[in-house]
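Protein sequences, first through last, are from chains Y and H.
So the first sequence is residues 1 to 314, counted in the UniProt record's numbering.
So the second sequence is residues 1 to 308, counted in the UniProt record's numbering.
I should point out that these hints are in silico values taken from the structure, not numbers from a laboratory.
From the three backbone atoms N, C-alpha and C, an ideal C-beta is built for every residue, glycine too.
Among the hints, a few may not be true.
Stated by the list, open to error - Distance ranges between label pairs, derived from CB positions: (1) Leu-49(H) <-> Arg-69(Y): 30 to 38 Å; (2) Ala-213(Y) <-> Gly-128(H): 49 to 57 Å; (3) Asn-43(Y) <-> Pro-191(H): 51 to 59 Å; (4) Glu-196(H) <-> Gln-217(Y): 34 to 42 Å; (5) Trp-73(Y) <-> Thr-33(H): 22 to 30 Å; (6) Trp-88(H) <-> Ala-213(Y): 45 to 53 Å; (7) Val-131(H) <-> Phe-37(Y): 30 to 38 Å; (8) Val-84(Y) <-> Ala-140(H): 34 to 42 Å; (9) Gln-211(H) <-> Trp-73(Y): 20 to 28 Å; (10) Ala-161(Y) <-> Val-289(H): 26 to 34 Å; (11) Ala-213(Y) <-> Thr-33(H): 14 to 22 Å; (12) Arg-69(Y) <-> Pro-191(H): 35 to 43 Å; (13) Pro-191(H) <-> Gly-55(Y): 52 to 60 Å; (14) Asp-159(H) <-> Gly-55(Y): 40 to 48 Å.
Okay, here's what each chain looks like letter by letter:
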Amino acid sequence: MSHVARGTGRGGFITGFLILPLALYLTFVIWPYIQTFGYSFTNWSGQSPTFQFVGLDNYAALMKDEVFRGALWHNLLLLVFVPVITILLALFFAFMVNAGGRSGAGGVRGVRGSGLYKIVYFFPQVLSLAILAVLFGAVYRSDAGGLLNGFLTKLGVVDPAHPVEWLNEPNLVLWCLLMVVVWHGVGFYLVLFSAAMQSVPRDIYEAALLDGAGRAQTFFKVTLPLLWDSVQTAAVYLGIAAMDMFVLVSTMTSGQFGGGPDHHSEVMATVLMRNFLYFGKSGYACAMGVVMLVLTMILSIVTLRATRRERIEF
Amino acid sequence: MTTVTKAPGEAAAERPGGGRRAKEGGKGPSDGTVLNVFSHGFLAVWAILIVLPLIWLALGSFKTDSQIGGSALSWPSHWHFDAFSRAWDKGIGDYFAHTLIVLVFSVPLTMLLGSMAAYVLARYPFPGNRVVYYFFVSGAMFPVFLALVPLFFMVKRLDMLNTYQGLILVYVAYSMPFTVFFMHSFFRTLPTAVHEAAVIDGASDTRIFFQVMLPMAKPGLISVGIFNVLGQWNQYILPSVLMQPQSGSDPERYMLTQGLIQLQYQMGYETDLPVLFAGVTIAMIPMLVVYLSFQRQIQAGLTSATLK
């Protein structure tokens, strides 16, 4: 390469271009991450500059912490249901949009107005979680003023004297939050899967059609295997979102940093923030951060491994 | 109310009716029609589920507080915009301005620094290149929570809590992994011939970057730019920890997301929900306008950014 030969002065150029991004990244990202590991072995309160090394005490306490264990369980539930529901719905709608139309001379095609559907479905993705929190806080209101209760009362499903307290019902609250994530995500993954479906060459579908494959068969034997890479990516991203959940839980549910009623919607992130900002147990909060990191890494690796298939080139 | 709010879904659902006379294909016409009606039904239901709550919320800004609490399906009795002006006075306008101030600096800075690092790492072999690259990229794997506690004290030590410059620098730093990752793969796909021609013409490395490579990387910059604008505009966790007034005399510099949540708490006490709904509507309108004007680029940008 010609530019390697020019040699002199290049070191200066490389350093000059890298120094600022690296400095920022080290100061605000890497160094805090490293510190988290360090602090997780101390009883640091965050307020006082002094603290003692306590070894694995924080981690031992975490194992016994009922609230944290409950939160971990909720995260695991979300980890299973958020990706599964979102991906299934997105695949279903993507298939409807791209191949749900009547079959014409050119084979299977998409429904009319598929562009419009994509525009509508995708819109929640550009809204902030804060907007979603307020919006669904109102939808799930515990009296007749809530959209959901209002509708169900009108339909006669819900007794107007006893509206459902969606976000205050221990058995419902987590599922209500889950539906918000699904509502938010389906459109994005629909567009993602659609793009992947459209990149599949037409003649593969035509060949399947000629061989007498029905729509269902085409979907499972042709489309899905070719989409596998995108499904895998979607699973990892949705899994990471399910591990987080802080904004929705902390703003929509009762309690300091959310988690109510009685810790039934608690997730690890809300327990962490409460311990850090409310109880002043910074060392303990750091230990939770480390646990979350380890789980996220395991999750990514397991998802990528478990969903590994032979890659199909086309 | 229902007649109006249903309109977008119905408009979509009615479309196939017009095309029903269209000639059926040679193969299994009945099968196609059944599926067509079926798929339109499902698609329309989901479209209504998306649109209905949003319109319902916007309508709420025209209702009175007692109307909102009384029945969800009530129709606004008057069409005054005073809830909007009250929401603006409650700080929505300021929160908008704060968020804009931060993003005007943080997004260009993210793009500039991210592209610089990505470019050097993609095009200049030097010892340790791979190490630095993976160092940058690995940051995308970690949840922000992990760094939150020490990050707070780091920013505090730099005396930058509740300052714009503090939040700008933090936003830039946390956008680095993805920006570097994406632009790195983009710079790799650019042809080397142009670069070599510029070298022969005697252009310096810095000049080649700014005048040759950066303009060529425009499509990539747009994709990752959209990603960063949305990500930073919608960020909630970082400002909610870093942008709290530090003393009585320290002015409030809430971001829009923070401000909305703040408004939610406040309006819960003051029982003035129309203001909250108006605030959310105000926050949604620019997103809607930007989205409808650039929806193709936004959809392509966000999805390609995810798939890289």
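Going through the hints against the structure:
| no. | hint | result |
| --- | --- | --- |
| 1 | Leu-49(H) <-> Arg-69(Y): 30 to 38 Å | holds (34 Å) |
| 2 | Ala-213(Y) <-> Gly-128(H): 49 to 57 Å | holds (53 Å) |
| 3 | Asn-43(Y) <-> Pro-191(H): 51 to 59 Å | holds (58 Å) |
| 4 | Glu-196(H) <-> Gln-217(Y): 34 to 42 Å | violated (52 Å) |
| 5 | Trp-73(Y) <-> Thr-33(H): 22 to 30 Å | violated (47 Å) |
| 6 | Trp-88(H) <-> Ala-213(Y): 45 to 53 Å | violated (58 Å) |
| 7 | Val-131(H) <-> Phe-37(Y): 30 to 38 Å | violated (20 Å) |
| 8 | Val-84(Y) <-> Ala-140(H): 34 to 42 Å | violated (24 Å) |
| 9 | Gln-211(H) <-> Trp-73(Y): 20 to 28 Å | violated (56 Å) |
| 10 | Ala-161(Y) <-> Val-289(H): 26 to 34 Å | violated (43 Å) |
| 11 | Ala-213(Y) <-> Thr-33(H): 14 to 22 Å | holds (19 Å) |
| 12 | Arg-69(Y) <-> Pro-191(H): 35 to 43 Å | violated (55 Å) |
| 13 | Pro-191(H) <-> Gly-55(Y): 52 to 60 Å | holds (56 Å) |
| 14 | Asp-159(H) <-> Gly-55(Y): 40 to 48 Å | violated (33 Å) |
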